[in-house]
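Q: Take these sequences, add in the hints, and give me the full structure.
2 protein chains.
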Amino acid sequence: MFSFEVLSASSDTRARCGIIKTERGDIETPIFMPVGTAGSVKAVSVEELKDCGAAIILGNTYHLYLRPGMDVVNVFGGLHDFMKWDRPILTDSGGFQFFSLAKLAKFTEEGVAFQSHIDGSRHFFSPEKSVEIQLSLDSDIIMCLDECLPYPADHKAAKKGLELTTRWASRCRTFWSENRKRDNALFGIVQGGMFPDLRKESAMQLGELDFPGYAIGGLSVGEPKNTMLEMADHTIPLLPYDKPKYIMGVGTPEDLVDLVGLGADMFDCVMPTRNARNGKLFTSFGAVNISNACHTLDNSPVDENCGCYTCRNYSRSYLRHLYKSRELMAYRLNTIHNLHYYLNLMKEIRSAIREDRYDAFRKEFYAKRS
Amino acid sequence: MFSFEVLSASSDTRARCGIIKTERGDIETPIFMPVGTAGSVKAVSVEELKDCGAAIILGNTYHLYLRPGMDVVNVFGGLHDFMKWDRPILTDSGGFQFFSLAKLAKFTEEGVAFQSHIDGSRHFFSPEKSVEIQLSLDSDIIMCLDECLPYPADHKAAKKGLELTTRWASRCRTFWSENRKRDNALFGIVQGGMFPDLRKESAMQLGELDFPGYAIGGLSVGEPKNTMLEMADHTIPLLPYDKPKYIMGVGTPEDLVDLVGLGADMFDCVMPTRNARNGKLFTSFGAVNISNACHTLDNSPVDENCGCYTCRNYSRSYLRHLYKSRELMAYRLNTIHNLHYYLNLMKEIRSAIREDRYDAFRKEFYAKRS
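For the record, the sequence lines run as chains A and B.
Each residue of the first sequence is one higher than the last, beginning at 39 in this note's numbering.
Each residue of the second sequence is one higher than the last, beginning at 39 in this note's numbering.
Treat the hints with care, as some may be off.
Here are the simulated lysine to any residue pairs, SDA-like style, with alpha carbons at most 20 Å apart [stated by the list, open to error]: (1) K122(B) <-> N337(A); (2) K122(B) <-> R350(A); (3) K362(B) <-> V73(A); (4) K263(B) <-> K219(B); (5) K362(B) <-> F114(A); (6) K88(B) <-> E86(A); (7) K362(B) <-> D157(A); (8) K362(A) <-> S154(B); (9) K362(A) <-> K122(B); (10) K362(A) <-> V113(B); (11) K401(B) <-> V308(B); (12) K122(B) <-> F42(A); (13) K385(B) <-> G260(B); (14) K122(A) <-> K263(B); (15) K362(B) <-> G158(A); (16) K219(B) <-> V113(B); (17) K362(A) <-> R105(B).
Over the 10 Å line for every Cβ pair with chain A, so calculated as not near, a few chain B residues [what the hints assert, rightly or not]: (18) K59; (19) V110; (20) F213; (21) G245; (22) L247; (23) T321; (24) E365; (25) K406.
Rather than coming from a laboratory, the hints here were simulated on the basis of the structure.
Positions of the beta carbon are idealized from the N, C-alpha and C atoms, including for glycine.
A: So this is what it looks like as structure tokens:
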């Protein structure tokens, strides 16, 4: 049975450690989920993901539905066997891509009409259709279809969006209850723009629907960082304590450390993988731009204290050369390092919470970077 | 001590099995050398190269000299530590790149003046300079600087080219003998265009210089396949039997099977790696274009009988999806398959020679493809 349990809680912050149990394995929280948009976490193998410590990855329903398409995934009985990842997968609903990527997305009560960003073909997602696709992907954690608003949005639009999101969440819940064949989870997504009263309204309405888990959506859409943190700070305590809370699409290492302190349990973001492909590497002492000339003759690893495959084997000099030469190995080695950094950070976060020194950990984390 | 020994020879063809011994390990011949142009065999790690059975790889002196540059490689005492490949490396001399890639290459008695294809900067390679760079790369097999002619070239130009190549070979040999600090090998390169008399002249002149090994250059430059095979057939027996013979830049699996039958011992070619990045996969039953629609729903591997990582784990359907989506994993998985195919083919070739059934092996190889 899908379950979540809080195992230890920080005494001076809202940080907590827990465990999500799924049919495909346990996930210690707080957790970061690498993004595998189209059936592959870009540039890395499933073995490398496991070596980096990934317990769960994210797949994008919008992308997978368009390419390869459900006829292909159905041949394999779902996404796991197609991409040979046997640990849990969380799939998003498509809601964020209708906001960020699809062409001419038109939201009505019934659902979203949109055109593919790949070939302009026309499609329609109802809340039921989104869940149906996610069930076919055999996802372990399914997300409700939501309406994500641009920033800034006015109060009226944000209210309209959250209320539609609640009605869709209810339809998703019904469809999921009646159609799932395996034990998996459905998460509701809180919307409400940057308005505390609307975030509260959304959290209350979704709370009544009693989801196995909750996400906070509509953050990291262009708002100032303080606003993002304020919204999370305000919203997290409004959601049931004993359910996992997932902050969607966030963020920097600093964001993760801050949000865990506010009670967040789950994260996903393209930042470690995308930045890797742009030569930006994360370390405990801040970011390293591997293309900088200062690394040309530097035979030391990116981070002396890092235990990843890349740092154990390769120098800054070599990584810079690969990156400048656009060698494909550059993207792999950089991605391994960044994912290891993110996943190791979550591991350190969990240790700090278990040992009830999260506030000290957070201060130390920031001190190392300044 | 660098050495080569013929261990078994086919009774009905000129194929032979041998062993090249180097300070960095033994190489069973006939062998295929994956091309690691700029300090990386594109898309694959050194561990994957070893898993595919690579005993030696090739590095390009021209590319490495321009980028990262010798100041960088010198920090690591050579190419091996820079790229973390601890098995033998053969480096070419730059001769082929002056022919194929560099801008405004100007050949004089002294050497070659050229402009970088990367930034247009001006450089000069003498035969001595080419060997000096290869010694700094700490290459295990060093190639003499040669003049490679375009196809077609007239008899006069080809004669002039081979004679310059011989004079340069002599200079390379002197410089190498006086400056090498470690046990490595220097190979002479036979030129002479598509003229049997000139190939003979070149082979005789180089034979007198007594190199540890010999290459046949200036093939696969646009001539018909039969001409290439005729030139190899004519030239190989003119070179010392007890020295390894390397056919540069060739070729298809068919070329390799044919050339081994003519007495060739070593090969390099970008074909398995480049074709992989273009979705063209090699199999015992011919080429597979992974982007073809027929693979869309095909959950079988590229080759049921292939033992490579890609075929053991992934379907044609998934590989097609990755390729169509331009996922970086497509290039890796395809490259692993193609390199495994080439290196496994060489393994089968060696077995067939050892069991003295090379002619039968060759017929069977062709029968499977038709």
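Q: Could you check the structure against the hints above and give me the numbers of any it violates, in ascending order?
A: 4, 11, 12, 13, 14, 19, 24
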